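Model the full assembly from the supplied sequences, consistent with the hints where possible.
Okay, here's what each chain looks like letter by letter:
There are 2 protein chains.
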Amino acid sequence: MTASSLDALFAPSSVAVIGASDDPARIGGRPLRYLQRGGFAGAVYPINPNRDSVQGIKAWPDVASIPFTVDLAIIALPADQAVQAIRACAARSVKAVILFSAGFAEVGPEGAAMQREIAAIARQSGMRVLGPNCLGVFNTRLGFYGTFAQAFDAAAPQDGPVAIASQSGACGSHLGYLLRQRRVGVNYWITTGNEVDVEVSEALLWLAQAPQVKVIVAYVEAIREGATFIRALAAARANRKPVVMIKVGRSSAGALAAASHTGALVGQDDVYDAVLREYGVHRADSIAELVEIACACARGVLPADRSIGILTLSGGLGVQAADAAERNGLDVRPLAAPGQAKIKSLISFAGTGNPIDITAQATNEATLTGRCIDIALTDGGYQSLVCLLSTIPAAPRFADPILASLVELRARFPDRLIVLAFASPPEVVQRFEDAGFPVFEDQDAAIRTIAALVGFGERFAAVRQAAPLPLAQAPQSLPAVLDEHAAKGILARAGIPVLQDYLVADGAAARRAAAAIDAAVALKIVSPDIAHKTEIGGVVLGVRTPEAAERETTALLQRVAQRAPGARISGVLVSPMLSHGVEAICGSFTDPVFGPVVMFGLGGIHVEVMRDVAHQLAPFGESEALAMIGRIRGHKLLQGMRGAPPSDLAALARALSQLSQFAASHRNTVAEIDINPFVVLPQGQGGYALDALIVPHSNPQETPK
Amino acid sequence: MTASSLDALFAPSSVAVIGASDDPARIGGRPLRYLQRGGFAGAVYPINPNRDSVQGIKAWPDVASIPFTVDLAIIALPADQAVQAIRACAARSVKAVILFSAGFAEVGPEGAAMQREIAAIARQSGMRVLGPNCLGVFNTRLGFYGTFAQAFDAAAPQDGPVAIASQSGACGSHLGYLLRQRRVGVNYWITTGNEVDVEVSEALLWLAQAPQVKVIVAYVEAIREGATFIRALAAARANRKPVVMIKVGRSSAGALAAASHTGALVGQDDVYDAVLREYGVHRADSIAELVEIACACARGVLPADRSIGILTLSGGLGVQAADAAERNGLDVRPLAAPGQAKIKSLISFAGTGNPIDITAQATNEATLTGRCIDIALTDGGYQSLVCLLSTIPAAPRFADPILASLVELRARFPDRLIVLAFASPPEVVQRFEDAGFPVFEDQDAAIRTIAALVGFGERFAAVRQAAPLPLAQAPQSLPAVLDEHAAKGILARAGIPVLQDYLVADGAAARRAAAAIDAAVALKIVSPDIAHKTEIGGVVLGVRTPEAAERETTALLQRVAQRAPGARISGVLVSPMLSHGVEAICGSFTDPVFGPVVMFGLGGIHVEVMRDVAHQLAPFGESEALAMIGRIRGHKLLQGMRGAPPSDLAALARALSQLSQFAASHRNTVAEIDINPFVVLPQGQGGYALDALIVPHSNPQETPK
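Just so you know, the protein sequences line up as chains U and F, in that order.
Going by our numbering, 356 is the number at position 351 of the first sequence; the sequence numbering is gapless.
Going by our numbering, 484 is the number at position 479 of the second sequence; the sequence numbering is gapless.
Hints were generated in silico from the structure; no laboratory data involved.
A portion of the hints provided could be inaccurate.
Any copy, or any two copies together, can satisfy a pair, since identical chains are not distinguished.
[What the hints assert, rightly or not] Mimicking DSS-like on lysine-lysine, the simulated pairs with C-alpha atoms at most 30 Å apart in a straight line are: (1) Lys641 <-> Lys538; (2) Lys252 <-> Lys219; (3) Lys219 <-> Lys347; (4) Lys349 <-> Lys219; (5) Lys252 <-> Lys349; (6) Lys63 <-> Lys219.
Remember, predicted model here, so these are calculated numbers, not experimental data.
So this is what it looks like as structure tokens:
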């Protein structure tokens, strides 16, 4: 399926409404009313076997009897009549169908069966089906309204740069309402409901490629097709379109119990976080944040760097804003000296660093604020400027000159982001917003939004430099028995350093192995039947001499024979121990939607107790691996805290990148990899996988792409 | 100073305005206009030597010539004339003065000198002085406006249950404006500016005791008098008045570099956090959050427990709300079975657990929403209920029946908190708010606010049970030399368990000490001149036999003599080592505002790298100590993770409580205590301070109370 197969859904030239009602308040009547109100220029064919015309438009008894091409059919029928109608549409070569009806998979097995039938029709005919249980689509520019959403009853949406894609109809119409309330236009709007065929990922891909769309707002509950979702996000990023998204389910991530395998240490939500971060999506925590950022993207520009000037009428508001800017990673650099002097010459008591505190003087002289904003932009070079105006725009004698100077300054500095924070009656706020300036009553929200826009700017700039990562590794075929020894061999061939170890059958061989290693060794039983080696005395650590290795191996084999009498024994693994370095845990697991994901954390309590873990979709390069390492809270431990030498971060990053490439090239055979510990030695000394586990897919056919 | 000394400031019966202007737009004219507009019933005496009347009121040439009592004088003069005016007021026995003028300590040494002069006059006369550099006071009920704040130009404040106290004038008037915009009344409002005499803490204390005040909103930059601040917060809590506060400076806390002493490990901000948490204040992160919670406190009730019902028109909105409720620690318990059945009987496809999803059916039948809210309250027993109504109240045919049923239900369930989340035109929102229901456009904000109100409810209930903690310990006098041995002795007498150690002079004595200890020992040089023992080879750990102790002690003394030739040597400390248990760090330090504060964290990386630390004002009891232990992120490590036995939390809590009592009773002599490590043994085995440092105050006179 390509994105263009949604053309008929987003921009049909002819629309049939099956179940059309003459009552414009009913579900089957509302789309007709909206289409007429919107001035839709395409053909409209109401289908109603009982009437000659519906809402003044000639009606047809069924879709088969329409003698013209039908791009799109809207089905406003009860669920039990919908399958029949869909079949008729497919027979008539309709390109796409919107199915409003509820009563399918969401209500029980009978509905699910009907839904499967619809899916089969769509698959066989190539006709795209949106829904069921959805609120449909609209395209403001065309005046096309394939929806019965109540939210557009009172007033039609305005055209504009924002597109909305939502899995939930109610959330989609809620978001549409909020944007219209803020007078930010929406050009495309789609809700996907039960997703029998068209998925939100495909809609996002279409919107990412649609030239009129400048900003994408998305509400997502669960993604079915990870690959399309990622294609859509990559396309939006390549086209410099900010994507602001609510992905529900964040809190359940924390509830997962700790477990021994890395796959169980992660909630699905962490993977979404990793995907959204990687593709530069802003994941909003609330509808308010989503709407604030989307509106600012629509009105503002994406600043070129993190510098922010804070202009304030009050020291107190300024301190809070500087706090918030620091918290959000913005650069509150001081105003350059010539600018400070200019401010001082206007207001002798002003704070001239940053915040630039022009004090209550601003309420004595109406043009002062505009002149100081000018100085901040001209001499400060700030890419973003937030003006904390308290309540003074409420008075027209202040609002007028401030707005006039802002409009003039924006013409002179078109690439700067100017954001206002003030409280005033709605009509005053509207004047500034309609002139194109984002206005916030809450200055924290203003600064959070600026940081989000800066983030988009940075990520869009970074993507031009990043080269795609070639998959360098050819897949290895996995041996039948994947014990520790075999796993380490496989990883070694994949470029992950391991220390040479020896699988031995008896004490004498262990003695020779220990002599060859010439350092303290660990002895571990290797058996496909023994999962918990330590509990049956199958592990001995810190064995210092070849003689001890022989003695301990003999004893170990005896213990194991007694305590696990039936177990097949591959031998005893003799491996070198490292007395220094920092223990890390590196692993990969297979996300059911997005495929292989690499995780990283520090050993000991960090992963299991503190849940201090970073994730990244495989594969990735060493610079992404370094960024990943920097994301854990405990990353300072690798920089040489408390007198310890700094760790070999380059070696760790290389190993993580190699692991990611291995996981990616083995996505069809390997389900999970657990390297625990990977010991990171001091800078220049490398790092080594000391123990490893590779879990193959139990059913290789079912692995995600 | 008692709170009642502010009576003349908040509720004067006669007011002189020094520097009164006939122009009602000027600083000296605005208070007169506001007083007349507000219908102030007390006497008003404009002072203006050049006019017989000002704004129609008889004027006087100076304050001395007024033949009547003057409770309060407002001074609207330039800074250089203010001192003289203040002196005249004191001579005339004026009870309180409001000094608007800027140009004092905030502009330089000359201004600071004038400010000191004013402070001296206030101290000598007992006349209270508010300001300088402040926006003054108002009392809505009396119509008393001792302010020139521009924010009240367009409309006078409404009376109501909220009081506002702010150190910043601009923030105070901004907050006043926002509350009026939301039609929430403010009865008292005060801004304290440079605080030459009246501090925001005293204002808070007065407001905490004023019967009309139900909710206190505060904006604080820095507290000068910790004791008064705490008295104020305790009084508010005792009187069940929610305090919602912005305390600026949160982000700078994280910037403090790690250091070896506990005192340096804390930002002042952590202490504020500890104080505000202890006294049940809600610390808001933004003005938006502050205003939301204050308005909800003014309109709503404080729920009796954490149970919340979520009623929604949309599954998507419901999932997000359930996420948010979980994140905020609310209890999203399912609706009881009879209630579920009733909902099902109304809407067959409804989600009946919790969220209660009444689906888009609600848009087909206007009374359905109200009936379902009734079932949720009646059968759910939820103490809080949030109704996610999307945009449907925008249509009057829905708004009317929903509002009618809400009003009826509130009468039946007066102790339940009912909060609404929907988007609609302002006039619709206003109807619901004016009927007393908090309305939020953003449901996350709604739930955050409910959680804040539940928090107040819980803390007000808890305070009735908590008995004040008697200070059981009599202060010990500190020895001249406070080395490790002495410090451990002092702490042992304070009830903190230490292991018996021995200070010895030579190898032979060390041998006898090690034999007496009969376990592995540590050897440490003790010298008032050696701060970094390890670096000069002054520490040997893990010495296993008495013979080794003798040998190592002799060698240690030789090394120290070579490497630190001039140092005075008290001896070598022979102390037992513990091979198991969890290492903690317990300490206390002296906050310049709030006095002794106890800190707690786990040893190793937890405090220094992860900054995982809890704080509590000293003194406190064992239950507070347990809560403090639970606040660190790594507290699970004490519960027996990874096969380790659970730690003796009771012993740790006892030690922390004893430490807090010691720190409190020695506040005049001890600046800092550092117990590192305090080893917590498995349950039932106790815990021991293995090393300790006590730092006395360098200047005992300057210690805070």
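Checking Lys252 and Lys219: alpha-carbon separation at most 30 Å within a copy, between copies, both or neither? within (21 Å within a copy, 39 Å between copies)
Intra/inter-copy verdict for Lys641 and Lys538 if alpha-carbon distance must be at most 30 Å: This pair counts as between: shortest inter-copy Cα distance 25 Å, intra-copy 33 Å.
Within a copy, between copies, both or neither: which one fits Lys219 and Lys347 at a CA-CA cutoff of 30 Å? neither (38 Å within a copy, 47 Å between copies)
From the Cα coordinates, with 30 Å as the cut-off, is the pair Lys349 and Lys219 best called within, between, both, or neither? Intra 41 Å, inter 44 Å, cutoff 30 Å: neither.
Within a copy, between copies, both or neither: where do Lys63 and Lys219 come within 30 Å Cα-Cα? neither (38 Å within a copy, 65 Å between copies)
Indicate which option fits the pair Lys252, Lys349 if close means a Cα-Cα distance not exceeding 30 Å: within, between, both or neither. For Lys252 and Lys349, the Cα distance is within 30 Å only across copies (29 Å; inside one copy 48 Å).
Violated hints, listed in ascending order, are 3, 4 and 6; each of the other numbered hints is respected by the structure.
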